[in-house]
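> From just these sequences and the hints, can you work out the full model?
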Amino acid sequence: MKDLGIHLLLFLPVAVAIVVMGTLYAEPDDAKAFGSLPRRFAWFVGGCAVVGAVLLAVEHLFASVS
Amino acid sequence: MAERTATHGRAGGQPTFAVILTWILPGAGHVYIGRPLLGLAAFLVVDGFFLVGLWLTEGRTFEFLQPDLQGPFAGALTPEVGNLGGLVYQMRRYGFGPGFPRPWPEHVHLGAWLTATSGLLNVVLMARVHLEAQLPGRAMRRAGSPDMLVLAAWLVPGLGHALQGRRKRGIVVAVVVVGLLALGTVLAEASNLDRERHFYYWAGQFLAGGPAMLLEVLFGGTRVTGEIPYVDAGLGMGCMAGLLNVLAWLDVYGWEEERVLAAPVPEAAG
Chain A
1 MKDLGIHLLL FLPVAVAIVV MGTLYAEPDD AKAFGSLPRR FAWFVGGCAV VGAVLLAVEH
61 LFASVS
Chain B
1001 MAERTATHGR AGGQPTFAVI LTWILPGAGH VYIGRPLLGL AAFLVVDGFF LVGLWLTEGR
1061 TFEFLQPDLQ GPFAGALTPE VGNLGGLVYQ MRRYGFGPGF PRPWPEHVHL GAWLTATSGL
1121 LNVVLMARVH LEAQLPGRAM RRAGSPDMLV LAAWLVPGLG HALQGRRKRG IVVAVVVVGL
1181 LALGTVLAEA SNLDRERHFY YWAGQFLAGG PAMLLEVLFG GTRVTGEIPY VDAGLGMGCM
1241 AGLLNVLAWL DVYGWEEERV LAAPVPEAAG
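Respectively, the protein sequence lines represent chains A and B.
Under my numbering, the first sequence has 2 at position 2, and the numbering climbs by one with no breaks.
Under my numbering, the second sequence has 1142 at position 142, and the numbering climbs by one with no breaks.
Mixed in with the good hints there might be a few duds.
What the hints assert, rightly or not - Cβ-to-Cβ under 8 Å is the rule here; a few derived chain B residues that face chain A: (1) Lys1168; (2) Arg1169; (3) Ile1171; (4) Val1173; (5) Val1176; (6) Ala1182; (7) Leu1183; (8) Val1186; (9) Tyr1230; (10) Ala1233; (11) Met1237; (12) Met1240; (13) Leu1244; (14) Leu1247; (15) Asp1251; (16) Trp1255.
These aren't lab readings, by the way, just hints derived from the structure by calculation.
All values derive from a computational prediction rather than experimental measurement.
All residues carry an ideal CB built from backbone N, CA and C; glycine is no exception.
In structure tokens, the structure reads:
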């Protein structure tokens, strides 16, 4: 958990870039694309949080060395 | 990519076969679809880039790779794979070098850019021949040039969209791709701008085109004198900027392809 805040901060621009470019690729209409960005961003960050939580749980349960 | 061979009469040939021919030998696909002059010109340009690059690097680009990364498929994740014939020739003729360190040629980095660019140009050529094979005569020339727009989108992220009149989208693409690349470069303290040091991250970053090239000219080859705390994040961001730019190319290409295929076919060409 070292530098957790900084890592979360670094994750944000990458997440924004992935969501924006993915949305522009998937949605040809500009208005619909830009309108759906907040929802898509929330889904992406939420999904990453779930994956992160599962990884931490698995690590804690099966790979902990403490 | 959509195909409309069946609905528009005689086409130049099988699009997929033309693409495979081009991949193996630049220009061969155009000869196959009945455009030998364009095929010859494409061959000279694409393989010209490759051969000049090979000359400048003395064929030693793959000596950048650490020994544990050297293998039969080492070239598969490099931009050079777009020009398969060139890549195979380079690997067979030069391989990974003699296995001991020796000084690099003076212009090795420029040469590496040229061989990589040759691969990208051939990918653009493959996209063109795939579309041309579906169009009778020279209808595509009148309707538009998706391949040139993709090339523009590589050179300057967002330019392909802007040339299509989709300026807002182009600005967003430019800000996202260039911004991520710049942030990655700052975090990696410019150590990402060196193919010798980070061979595969560089390959991804190359796809960001002109901005990556410019940054490498300005800050490439910087000496690393200590630990770089967030080098991994920087390398990842730089690489991701290039990979995300590919989504922009596909968006540009798909939009233009649809427009070209929807254009009326001239009577005389059928």
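> Against this structure, judge whether each hint is valid.
Okay, the hints, checked on the actual structure:
1. Because the smallest distance between the Cβ of lysine 1168(B) and any Cβ of chain A comes to about 6 Å, under 8 Å, the interface hint for this residue holds.
2. The interface hint given for arginine 1169(B) holds, since its Cβ lies 6 Å from the closest Cβ of chain A, which is under the 8 Å cut-off.
3. Annotation: interface hint on isoleucine 1171(B) violated; nearest CB of chain A at approximately 11 Å, more than 8 Å.
4. Against a cut-off of 8 Å between C-beta atoms, the interface hint on valine 1173(B) holds, since the closest Cβ of chain A lies about 7 Å away.
5. Proximity of valine 1176(B) to chain A holds as hinted, the smallest CB-CB distance being about 5 Å (cut-off 8 Å).
6. Checking alanine 1182(B) against chain A: minimum C-beta separation of about 10 Å lies over 8 Å; hint violated.
7. For leucine 1183(B), the interface hint holds, the least distance from its beta-carbon to any beta-carbon of chain A being 6 Å, beneath 8 Å.
8. Residue-level restraint check for valine 1186(B) is violated (minimum Cβ-Cβ distance to chain A is 11 Å; threshold 8 Å).
9. This hint holds: tyrosine 1230(B) has a C-beta 7 Å from the nearest C-beta of chain A, less than the 8 Å allowed.
10. Because the beta carbon of alanine 1233(B) sits about 5 Å from the nearest beta carbon in chain A, less than 8 Å, this interface hint is met.
11. Taking 8 Å as the C-beta contact cut-off toward chain A, the hint placing methionine 1237(B) at the interface holds, the least distance being around 6 Å.
12. The interface hint given for methionine 1240(B) is met, as the beta carbon of that residue sits about 6 Å from the closest beta carbon of chain A, less than 8 Å.
13. Given hint, leucine 1244(B) at the interface with chain A, holds; its Cβ is 4 Å from that chain's nearest Cβ, closer than 8 Å.
14. Taken as an interface hint, leucine 1247(B) checks out: its beta carbon lies about 4 Å from the nearest beta carbon of chain A, inside 8 Å.
15. Of the supplied interface hints, the one on aspartate 1251(B) holds, with its beta-carbon coming within about 5 Å of a beta-carbon of chain A, less than 8 Å.
16. About 7 Å separates the beta-carbon of tryptophan 1255(B) from the nearest beta-carbon of chain A, less than 8 Å, and the hint is met.
Of the numbered hints listed earlier, those contradicted by the structure are 3, 6 and 8.
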